[in-house]
Amino acid sequence: MGIDIQEAMHTAGTIGPPGLSDGSRLYTQTHPRPERSETGAWIGIFAIVMSFAAFTSAMIVRQGATPDWVHFELPRLLYVNTLILLTSSLTLGLASKRLRSVAGFSATAPTEKAYSEGMIWLAITLGLGGFFVIGQILAWRVLAAQSFFLSTNPSSSFFYVFTAMHGAHLLGGIAGLAYMIRKLAKTNGTARTTGLPALSVYWHFMDGLWIYLLVLLMVRT
Amino acid sequence: MKTELLLFAAGLALLGSELGAGSPPTPPATGTISGKVTYTGTPPKMKPIDMAKEPSCAKQHATPVMTENVATGPGNSLEYVVVYISAGDTPGAAPTELARYDQKGCQYLPHVLPMQAGQVLQIFNDDQTSHNIHPLAKVNPEWNKSQPAGSAPIDTKYDKPEFIPVKCNIHPWMHGYFVVLNTSHYAVTGQDGSFSLKGLPAGKYTVSAWHEQYGTQTEEVTIGNGETKTANFTFKALPY
Amino acid sequence: MGKVFAVVLTLITLVSVAFFAMHTWWLPPDISTTGKAVDRQLDETLIGTGVLFLAGQLMLGFFAWGASDKDRAEKIKPFPGGATPLVTAAIILVGIEIFTLTFVGSKAWGAIYLTQPDPSSIKIDVQAEQFAFYFRYQGPDGKFGGVHPEKIDDGSGNYFGLDPANDLAARDDIVTASLVVPVNKPVALTLHSKDVGHSFYVRELRVQQDFVPGLDIPLHFTATQIGKYEIVCTQLCGLGHYNMKAYLEVMSEEDYQQWLKTQGGQ
Amino acid sequence: MHDVSSQPVAHQHIAPTGFLRKYVFSLDHKVIGKQYYGLALVAVFVGMVLSWLLRLHLAYPNWHIPLLSKFSSTGAPGGVMTPEYYLSLLTMHGTLMVFFVLTNAPFAAFGNYFLPIQIGAEDMAFPRFNMMSFWTTFVAFLVMMASFFVADGPPISGWTAYAPLSAVGGDAGPGLALGQNLWAISIALFCVGSLLGALNFIATTLDLRTKGMSLARMPYSTWAWFVTSVIALLAFAVLLPACILLILDRVAGTSFFIPGGLILSDKLQPHSGGSPLLWQHLFWFFGHPEVYIAILPSIGIIATILPVFTRKPLLGPRALIGSMIAIGFLSYMVWGHHMFVSGMNPFSANIFSVPTLVITIPATVMTLLLTASIYGGKMRFDTPALFCLGFISVFISGGISGFYLAQPSLDTYLHATYFVVAHFHFVMAVASLFGVFAGTYFWFPKMFGRMMNETLGKLHFWLTFVGVYCVFMPMHYLGLVGNVRRYSAFVDDYLAPLIPVHKFITIAALLTGAAQLIFFWNLIWSRFRGPVASENPWEATSLEWSTTSPPPFDNFGGKHPVVNNGPNEYGIEGTNGSDYVMQTAAPRSA
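Protein chains in written order, with this note's numbering: chain E, 302 to 522; chain X, 60 to 299; chain W, 166 to 431; chain V, 167 to 756.
There could be a bad hint or two in this list.
List time: in silico PhoX-like cross-link candidates among lysine-lysine, alpha-carbon distance up to 25 Å [claimed, not checked]:
id : chain 1 : residue 1 : chain 2 : residue 2
1  : X       : K197      : V       : K433
2  : X       : K295      : W       : K410
3  : X       : K118      : W       : K316
4  : E       : K398      : E       : K414
Keep in mind that the hints were calculated from the coordinates and are not lab data.
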């Protein structure tokens, strides 16, 4: 089991600035552990992967259960949405690159320029996220117009379930993004955005998850 | 002189008419519609019900109980047909006497129970086992209650006219009907297929006969004071 | 206190085991060709686990006894040999137990569920519904009529949704509320459900099989004892679950033929 | 963790003022732990009363249970339960006990309170998530209880809610309309709450361990909570989708679990093509790990408490932790053993049977290690110690019957009989609760600063210990005779002779239940009247005993303990004549 590795990590970790390795409050700095919010993000991703794995297996079982599966054309709009989401990942990358110094990973104080640019990129990311969600809803309407509803056929049922679940999770990301922007704006950049790496991890994952779902839906429906 | 007599007579007549108007009118004799419900063709043969699952009921029946969806009698008579006034009758207030429905020997007694809308219905469990009453109402509210052995009767009523199939969820063979009507004039045919609707004031009526399997037939009947008219119904039966 | 615990635990253990050993409450005699293996499997498991149970509980009581009433001066004693031999022993012993049980058990299971029914076996269609079983025999023509769910009508006794009007094969199908089979003749059932999940359980046959709505599930057995046995539902199916049962009547060949004659078709 | 140093976050050091923030919407893991414990207490009380009613009805079907008709006139006309009401109460008993008691008490309640303290942290990694997870669970509880008060009562489909019975709606029977909706919504909420909680536990264990608290030095209870939270994260992440699909089938007319051509209440159901087995697969993929979510924390608690009272180190701690991990791992490969006879391919039964039996190996190892740890100890028989012994005993009893049910060939006979009821009550319910009792008597001084009453405690133990054997051991015999479970009355000919056994069980159950009232009373009495507890009344080693009872808001009064020793240092030359060494004590030269 991983205990030994952990111990190694500890001994490595205990080499810290003198005076900090005693029981005083600064002890934690001597531990090269990831940001807790980032750990949280990864654990969350772990759980979400599990959920969608469950949904997927349900889909496969259900499709195998009875030959009543109707295949339908995915709304073109979805591909546009995909592009939007991919771009948003890109812009978030640009944002965190600029805000990194703000995020307290480097000793240098943030340059005013980096900060303002970073904020703009964050805002753009937020906007793109919003567009994606709206786009998804429009895609639903397109499908509904072809009278494919939630209960029409297992294929459409799963389509709505998948897109809805993904959308819900993405809204979580959007909320986090908004919170981050507010926090930064309030303190114009001096607030340490420790949540930003976690947020990026989550956002990129949402991105990947969508690609997976899109492929799955293309193959299955 | 003659004129005086005439006047006098007229006066008397007037007086008489005055008096007549004052005194309560003797009710006009009411009429009756009676008749017989029969079938043509061959009805399906009723099947024996195996109650082995419920010994406490099985032992109450010397001969196996038969299904009752098309119960027939001698002379092609058709049982369990509800004959009622479907038009021309002005329904009075719901009667105060209760419509009683029994669960006995894992059978519904009677198989078909007509009642007037709003009339109180009382359901008894006379068996040593739990029963479950599930009237599959669509117009009226649907409910589904179990009635353990020896528990108090269930009181309920239906406000809208409807033909409601009743089933027991515990004993699938138990099937019956609540027939909720908007009139107080109704009857269910017995084994001889005969019925009679009494106490009908003179007038023009639509008489309907309803059978759970063969649907409804209607007849126009006009009766005067104290008349008795006959209305016969004939349903077409199929073996399957 | 430790001694008290040891005594109480020992009593509980012995009483519990006694009732198993004395067969005070026990399975009904098996009447199937496949049940013997199940019973043997049960006995083996009983002995194996009985030993484990006694050993475990008595050891616990014994140690508790030993660990009680120590004065402050007394030193604690380490467990002889430490953890490693104990763990290895456990792994090996339980491992062997598991291996044998699986090896023997899978055969007992296979005999019931992984074999094909004898082609000559009597085919009977079983339908479970809230809350009764109904059984359907092919009748003289040796064919089952088609099933049409929308035609199902308990009121007229058409439990299977047959269509005798248009389906000649359905007319002579025999539908009963009891499962009647000849002794020593293989019987092949097809289980399907009208509404929700149910289960087919006959203790004496040592078989249990769920009905799954939407599936036709095969189950076959051969009854070796004439008599009347209960078929009960073991899958929670609604308010009448407790009362969902039917009878399995195992008859001599002659009685069976006689019974068939008395049963009319649709 | 930079923010700890440079920028203290609000929750970390400043205790909130104001009632709401302090006791209701508190971010303090200790308060949240107590809230979970309280919720579990309420749930277990309701669940227990339900079991009384169920037992009474089974043994004396025609007895008019007082007040019951007041509570539900349709469910129990004149105090005699209708079959559907029996099943409603049965469903609620199972659901409340499994979810709101066995998941909440040993895992969420004690875990929340003691996991951070045992690793020397000031709080959970995400205090806000922590608060949300409790209040989500609380709402889930309210929604579940609400089903008692809707038109035709709680659902009658059992805590496993097998489709299509649970999916088709009111036509399938009373309680399956609104009641089942509430059930599904409640469970979905519960999943969300548990997921948040599990996430928190994992992150906390990984990131917030104090200096020197290597994984190897974590107390076994912390290990158990950690492993359990990983299991829970996976399990509830699967149950949640299952519930969502179930809800859609019920309210949106989809057909995930409902096949076509079903006739219920003489109505052809408007569904087609669904797979009832799909629900069973999803449910049991959660359901089996759920058993370990209930039992592992208790094993950890016992493993932590036992050495304190035997005054000697636990035998083979690494093997014990290894077994926990092994069980957690295996628990995901065995769900099929709940479905041997449920219509899945019979071949898979043999396949599922093997890992199921293999699980008995780590289980046996753990049991043996615990038992052998008692050997040669200087046992102190305080109430927690007694419950440790009791735990080992009932865990053996419950584990043994697993050998039977793990074998398809025997499951064909024993499946869905009282043998199964006996099995999971012993191994999951009673064992887990013994862990909770031990934990309560052990940690109460730390949580409330007062000792619990020993006399009442011992009385509670003896009555409970003997009681549970009287209740559940006979159920094995009933199972052997083939007594089917979930029957609201025994109308089958072969069940009549068993009624006396059922009467015996009922009386035993009532008495055992009454014994729990002693426990409830002890809690209340000791909370206010109990003797004041010292910092470390049991002379234990783990970190929670190195702080005040109860601990300050930030657990260690602004300091962070430094850990130099493992949690297992008993029966040795300790400081000034004691026979143990605290984890925070100076490193031992050995």
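### Task
Kindly indicate which numbered hints from before are broken by the structure, ordering the numbers from low to high.
Going through the list in order, the structure violates hints 2 and 3 and respects the others.
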